[in-house]
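As a plain string of letters, each chain reads:
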Amino acid sequence: MRQLRYAQAINEGLRQLMADDPDIFVVGEDIRHSLRGLTRGLAAEFGHDRVVDMPISEAAFTGLATGAAMSGMRPVVEYQIGALGFVAFDQLVDQAMKLPYMTGGQCTVPVTYIFPASGFRSGLAGQHSDQLYPYLMHAGMKVVIPSNAGDAKGLLVAAIRSDDPVAYFAPAALLAARGPVPEDLVEVPLGKGAVVREGSSVTVIAVGHLVAETLRVAADLEAEGISLHVYDPRTLLPLDLEGLEAAVRKTGRVVVFDDSNLICGFAGEVAALIAEHWFDALKGPVKRIGRATVPVPFSPFLDKAIVPTGETLKQVVLSMAHSASLGAVA
Amino acid sequence: MASIKVKIPKMGMTTEEVDLVAWHVAVGDRVAPGQALADIESEKTTITIESEIAGTVTALLVPLGEPTTVGSSICSIEIG
Amino acid sequence: MPGLQGRQLLDAYRAMVRIRLFEERVRDRVNANDIPGVCHEYIGQEAVAVGVCTALRESDVITSTHRGHGHVIAKGGATNRMMAELYGRVDGYNRGKGGSMHIADVSLGIYGANGIVGAGLPIAAGAAWTSKRKGTGVVAVPFFGDGASNQGVVHETMNMAAIFKLPMVFVCENNLYAISASFREMSSVEHVHTRAAAYGMHGEAVDGMDVEAVHEAASRLVERARRGDGPSLLECKTYRLVGHFTAEQALGLSYRPKEEVAEWTKRDPLLVGEASLLRQGVASAEDLEQVRAEVAAEIDAATEFAQASAWPPFDEALAHMYADATAARPMRGW
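Chains as they are written, first to last, in the numbering used here: chain H, 1 to 330; chain F, 1001 to 1080; chain A, 2001 to 2334.
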């Protein structure tokens, strides 16, 4: 299969979906000139009525998407920075997310929100680096975070075709990454995880750009006789519980490797599910890796001190292997 | 004679890896300020790197189609 | 632009009476603890909802506020299903899941009352966006109050509507108070409509206690929007003749001078409407009494309908969270 970069896969998916469905339009900031690369060439192809630069009014254009969706359109909202979701928070979680339920199912709100998922690239500091997905999941919003170019296109198709609001997180660290991408619109269904590496010692449930990090660490650890089983949930809500259970049962030793804040973060949710439902499968405590709950500091040196990396994972897995062998001796 | 190395500029907040997708000059070519040297493609966009000086291209440091990174040198130009 | 003529004026009066009697019944039932929670009554502002909605088509879209019963009735909402919603019953518009602050009938273009002040405006802009793109001629009308006029998203939406020339009429019901805070204290300007100028948008004020005046102004601005001449802001000077919500009397709040309330009570929109009907000879005093009796019977029937309606089935609590119920079910919580 031909290789595309992650950002190109999103771009191609958007182009093909827009060509198929005249109700799809994109709103955001600086998207006609495609500052982030996702809408490259689309304004020329589909016009400024369908690739629409908005004033810097994130709450208002998020709400506009809701009303447009309720009246028959299928909007896509691109946020230039993840944290802009905070500015639009009421319109996201209190309006778009609640209206179908609060009206007793009288309407649907088919909007896709494309957020940059930050991390892994230093220098963006405190207000450009947050991972917003735990906040949105807490409100019940569907969340996907593709970890490779192929899933980037396939999950975009599923998100845009979904009749629910879906938050789509595209990690900045992956936008340049290449991978095989189907030429057609092939949907990767929402709510289906994927085993990306078979292993037998420790299960790593990795999110977004940390999937690729995990694969690098897995190759290193293989040399030390530790075999990582790597599971990518792909959709964080709704979670693929069957896939998750199988991944947990595969080894009974679990690390959840996530780049959001540890407190009330995604890793905590997964760890709690595992402890509640599949405790019998566990050979030891579930380990969570997440960010320290501080604003991401600017200095690259400090950034690395709080944002999870492959090195963090390696240390955690090695310490688990160490205590497991001690346990065996005792 | 003094020479300089032409480097790939920062292309945004997150871009690091780029491809060199076209050379507009060859070793030995005379170049003038503003003359196109090479096209660089990131995941977001394609830019043309231009010469800032007048001189002669003495070396191409990145093969066509190869990935490289922001900040890398792509060619040398002898000033004059 | 012709105003409300003859039968139309009588129908407008009937709609105002329907709102008034509905609200009085709601207050009574809330205080009897028959209706859960509290409600924000529309009493005193009837001429705004009715004057504006009589200028609209059924396909036009409105968004409403926390004080939304009047808008829903004026746009054609059925009082029995509204009452059932306030009672939290399965026959309610929202199957009991919205209540007073979220009543909607999307099929009538009512995109919902809203519990967050100002939040409905961008949603209305979205409906206007669809109208413009699809050429349906739909006009979107967000109702909001003087309190909302200080909310950021309200200003953002006005600017956005103006630059894209969206078919909208922003209807501000300036009832002088955001709960207990007076507009005079909380606003840098004397009138909300003058702010329209900041967005290069037409703005004007109208007597919000006079249904004919509101209808005339709204009709002009709605047709303007429908023609493609862009959005405008209509400020209706009005007053709620009761407290912010049903519990206010019990709280004994005293932010409004008694004299002020008395002055505005003289301009009760129902009195203004009755006087006009009698003056124009459209209806006799007996006709008006008959309208009131008919509406009272309707409200009785609506109340009985609500009281007889079943509680929503237990499963309803987890339904409608997602469009595709088989693909995603919310977690129960324990």
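Don't take each hint at face value.
The calculated lysine-lysine pairs, modelled on BS3-like cross-linking and capped at a C-alpha distance of 30 Å, are [unchecked claim]:
hint, chain 1, residue 1, chain 2, residue 2
1, H, Lys192, H, Lys250
2, H, Lys250, H, Lys314
3, H, Lys314, F, Lys1007
4, A, Lys2132, A, Lys2165
5, H, Lys304, F, Lys1007
FYI, nobody ran anything at the bench for these hints, they're computed from the structure. Values in this document were obtained by computation on a predicted structure and should not be read as measured data.
Hint-by-hint comparison with the structure:
{"no.": "1", "hint": "H:Lys192 - H:Lys250", "result": "holds (17 Å)"}
{"no.": "2", "hint": "H:Lys250 - H:Lys314", "result": "holds (19 Å)"}
{"no.": "3", "hint": "H:Lys314 - F:Lys1007", "result": "violated (35 Å)"}
{"no.": "4", "hint": "A:Lys2132 - A:Lys2165", "result": "holds (9 Å)"}
{"no.": "5", "hint": "H:Lys304 - F:Lys1007", "result": "holds (27 Å)"}
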